[in-house]
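Protein chains: 2
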Amino acid sequence: MNDRLAGALVETAPDAVIENVKPQVDGGRFAAKRVVGESVVVTCDAFAHGHEKVACVLRYRPRAQGWSEIPMEFLGNDRWRAAFVVDTIGPWDYVVQCWPDHVESWRESFARRIDRDDAMLAARTGAQLVAASAANASGSEREILTRLASILADERDIGKLRAAAADETAFAIARRRAPREGGCESAALSVTVERERARFSTWYELFPRSTTGDSRHGSFADLEERFDAIAAMGFDVVYLPPIHPIGHEKRKGRNNATTAQPGDVGSPWAIGSAEGGHTAIHRELGSASDFRHLVRSAKLRGMEIALDIAFQCAPDHPWVREHPDWFAKRPDGTIQYAENPPKKYQDIYPIDFSSKDWRALWQALRDVVAHWMREGVEIFRVDNPHTKPFPFWEWLIGEIRAENPRVIFLSEAFTRPRVMHRLAKLGFSQSYTYFTWRVGKDELTEYFTELSADESREYFRPNCWPNTPDILPYHLQNAPLSAFRVRAVLAATLAASYGMYGPALELGENRPRDPGETEEYLDSEKYEIKRWDLNRAGNLRPLITRLNHIRKEHAALQSDWSLAFHPTDNAQLLCYSKRAGGDRVLVAVNLDASNVQSGWVTLDLASLGIPADMPFTVKDELSDAAYPWRGTRNFVMLDPAKAPAHVFSVHVG
Amino acid sequence: MNDRLAGALVETAPDAVIENVKPQVDGGRFAAKRVVGESVVVTCDAFAHGHEKVACVLRYRPRAQGWSEIPMEFLGNDRWRAAFVVDTIGPWDYVVQCWPDHVESWRESFARRIDRDDAMLAARTGAQLVAASAANASGSEREILTRLASILADERDIGKLRAAAADETAFAIARRRAPREGGCESAALSVTVERERARFSTWYELFPRSTTGDSRHGSFADLEERFDAIAAMGFDVVYLPPIHPIGHEKRKGRNNATTAQPGDVGSPWAIGSAEGGHTAIHRELGSASDFRHLVRSAKLRGMEIALDIAFQCAPDHPWVREHPDWFAKRPDGTIQYAENPPKKYQDIYPIDFSSKDWRALWQALRDVVAHWMREGVEIFRVDNPHTKPFPFWEWLIGEIRAENPRVIFLSEAFTRPRVMHRLAKLGFSQSYTYFTWRVGKDELTEYFTELSADESREYFRPNCWPNTPDILPYHLQNAPLSAFRVRAVLAATLAASYGMYGPALELGENRPRDPGETEEYLDSEKYEIKRWDLNRAGNLRPLITRLNHIRKEHAALQSDWSLAFHPTDNAQLLCYSKRAGGDRVLVAVNLDASNVQSGWVTLDLASLGIPADMPFTVKDELSDAAYPWRGTRNFVMLDPAKAPAHVFSVHVG
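Quick note, the sequences are listed as chains D and R, same order.
Our numbering applies: residue 1 is where the first sequence begins, and numbers increase by one.
Our numbering applies: residue 1 is where the second sequence begins, and numbers increase by one.
These are computed hints drawn from the structure, not numbers from a lab.
Misleading hints may appear alongside valid ones.
As the list claims (entries may be wrong) - Residues on chain R that point at chain D, a partial pick, calculated with CB under 8 Å: (1) Asp78; (2) Ile114; (3) Arg116; (4) Phe390; (5) Asp454; (6) Glu455; (7) Ser456.
Cβ atoms here follow ideal geometry from the backbone N, Cα and C, with glycine treated the same way.
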């Protein structure tokens, strides 16, 4: 203790204290997240003992560049705040510095001195402080300070002294140039800055092999045929299940049958065969050149291809033969297949991340991602990241981002909350959520309040999916189309990033394999080629198109933090709003897909930024109907047969 | 990143994670606080990736002794908890360790295997794990594990295998002795353990010089004459303003007059004269031997003397001459007196803690505290600690506690909240609070909820004072005796530690020097010898005696964390309870000192631990009246002319 203090003190007692700096994830162990153009609003408590004033600055930089420094604003009660805009992609650092502000302390007490002799004497103390600042200044600043110091030291006219002490300009310089003795610095903190799509993205998932419209195996070229339609619906990410050769050994049949029949195409997640592994392309989809064409073709339409990273192998994956050490063995010497007793997944070998040969393994896995990145892919959806070690992901994402900081990773971890949060902290840009299973008013309100307002929002960005090829949630099993509409509206307006297993959602595919027993689809597309009649009557394409259009038009829907819920007097009516500056979107959803519901909404006008007595107009962007509203209480009635929701833009004044 | 991981991994991927360990003050920078016999309940999140189970232990020790280790209890959702009792005074350390629990993971999955061949094979994996545990065991534990491993490896009867896998005793040993590969450890955290009085104390402040009952200067012997009465009232700490020689130079007169008249005794806080400084005793109080007698005399009555540590000097303090460097100079070479422009305190020189000679200065100040500690004093009330550098207090308290961990420090920092909290973190055992100015129902509820429930309770222990020699709060200026009664009840029952400027509170001294302008008393005892007629009719001695008796009888009132407020339908009726196991105290206070108030209390029976439909009896420990109550709603009426409050003990069943 003695030594530490003695070392820290040198010749003065450093007494400024910085506490409670935010944003801060686990004491600085992890970075906060932002996208380009966003602000980082930094707050802290900073103070010194007694009545000593302190100065506080925020320093920030894109990593490996020089520091910028701005003064922090004093908020009262020892609180400080400053903000900086992150205008380039990549890691940024920030730190708070605080030191006793002797100049300001002097000035504040000088102004209270009423006794002439007392003030004259105090002025000489001020002169010493200003002279010390002058020694740190140059050019015209130095001249100003030197002149001020000499007035404070020598002037005998008390009026002129007071005038000199009131010189805001000169004293601003004196404070800025003052020595920072007795100061301290916060822990170094960081922000990962990504491109905007990390925050605002609209995903469409489909199987390329099911794009011919008949039973033939689709190719990348067939997929490209669908791009105009997908782009017209307003999607910006086209996410493909694994595109690699599918294992033949132990291949699963339709409906997950243990034995495949001749002609069964198998699951794309059973990766690898004699034709190649994670960097190869399934022959019937096309060539490497076709893939590059696909990527370019998507880009031309304002979309990106997202690939699936599923680090597991079919038994005939080349690695099984080339690197047997990368797989755990059972006591009989056979390779340990995936299992969750009594279930066995003999068609999938998990990778042994703690293999003795882990260094080569990890690098091979990194090279898989790097390969596709070099093929033009900048978004990866990672399959089950929670079943692989945490340090692996932190390392892999760091390696990839060092080469290309534009790369976005989506974590498909449907698991316990703390594990999902840990993966987000480690670097995943976005995360799948529990939205898929949150259907009631209270649970939606609670969950989205957590997602938008808890401190975890600094690192956990939700991406909400009503369905996936793995998940036909119980509440959508055999449910009417109107239920799918409700879920589409909720996902599109509650979350800045959302996605869908597209063809199934467009058509309201609701047939479960084992109703109420599992969330598997009947005749799941995971095991067969599907023919989707996308023009079938009653499809959701118009609604989805409209929703995605509204999302593009309204900045309010492009970020998550402004979400506010508004009470309603009906347990089936959910009302919420988002806001970005003057852009306001207010949504009222009827959660009951079968019955008309109506009720009174009590608006939290403050969260909308609307003065209590100002009239405003709400325009339903789904129906184009507009209503004049006023005050907090307003009536809503929604018929699921017509429209699941109002998605209002709000026009004030 | 690569290197860090490579270093950490060695040959396996360490994947267990520990987050959010509590208690934890500023990430472990400061210690939490407890008193002997209390528990430290440690919680954390701990988990590994995927479905891997983890084991979690809490390790703790009195510093410099060996570690004890106990398993943590799994609470679900990756939360863990364990508790240890701190049974000796001094610093303790604790840390959480977590590692993948392969044994338990194996056992859990083995139980789910239904296929015989599959189970036989899996048993051999179990055998390997148990054998690894056996290698860490000895004696009979080793024998048990070796036998178990050999059954799992070789037994061909599936029934016998399952029986072996169900052996709780053997597997508990296997888990305990398992290698902790892939594990991790939390940051090292600490607890400062003090004696019980740090948490539960009852303070009486008086000026020794005002104890003769007439205008003569009192001595330690006169003070001892009062000890029986103070002890009979139930106090356990007698706190004395500074007992040192009082400066003659610039001495203040009565009512803080700039010039003293002949015979004026001066302020005890203007410390030091030619007769001595901070280790000397004011001649008229007595000798060092008299002081030691005083300390022993208090102890015989179950009380302790608390001294005042006021690190400032009168102009004629010996240090001013001997160590001029320890005081800041003004530009004219004179010593800087204390000031808060336009106010000047020419009778007090602040010490310059950042003096060039600070090392010698700090040691001298430490020696002052050490001197009185060696004279038998183990409680210090520190005057204005917030006007001295934070590092100084951390160092000083550490030095003193290293010599005698029984020493208790009370921080008299009536300043901004974050400064008060910082001092508490640095080591002060107790802190003065804003209670003195919290009078309304809402503000009392809010403030005491913060004190008892916020995380700051881990380090900030309140000591509540209705008045001090410096503070006759506005709400007590010219207030009736009943108002003083209300404040006494609140302090004694809301806070486990409370104190009073005794004679003034006993008599309801309510005369301000400048009503509504300052909080100074008229004819303040700080500047003159007072004659207190402590037997005057209407004094508070019976109430105070009763309150302190109730505090001693009821463990519920001896700690702060159990405080719960109960709603009432009258803004002047405050109702709250405290609980320690089966001991429950429920208080209803009429905050209106002038009018009868009545209303309905809605009890939070859960916080009292009373089943909803169980009848209970409340016995007013002030009046001895008892009432049968039932359910949540109960009626209360309080006449301030008779009693300011009910202080009920609650008897269930």
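Comparing the hints with the structure gives:
1. Below 8 Å, beta-carbon pairs count as interface contacts, and Asp78 (chain R) has one with chain D at about 4 Å; its hint therefore holds.
2. About 5 Å separates the beta-carbon of Ile114 (chain R) from the nearest beta-carbon of chain D, less than 8 Å, and the hint is met.
3. Because the smallest distance between the Cβ of Arg116 (chain R) and any Cβ of chain D comes to about 12 Å, over 8 Å, the interface hint for this residue is violated.
4. At its closest, the beta carbon of Phe390 (chain R) sits 6 Å from a beta carbon of chain D; the interface hint therefore holds under the 8 Å criterion.
5. A cut of 8 Å between beta carbons decides the hint on Asp454 (chain R): the least distance to chain D is about 13 Å, and the hint is violated.
6. About 12 Å separates the beta-carbon of Glu455 (chain R) from the nearest beta-carbon of chain D, more than 8 Å, and the hint is not met.
7. Checking Ser456 (chain R) against chain D by beta carbon gives a least distance of about 12 Å; that is not within 8 Å, so the hint is violated.
Hints 3, 5, 6, 7 from the earlier list are contradicted by this structure; the remaining hints agree with it.
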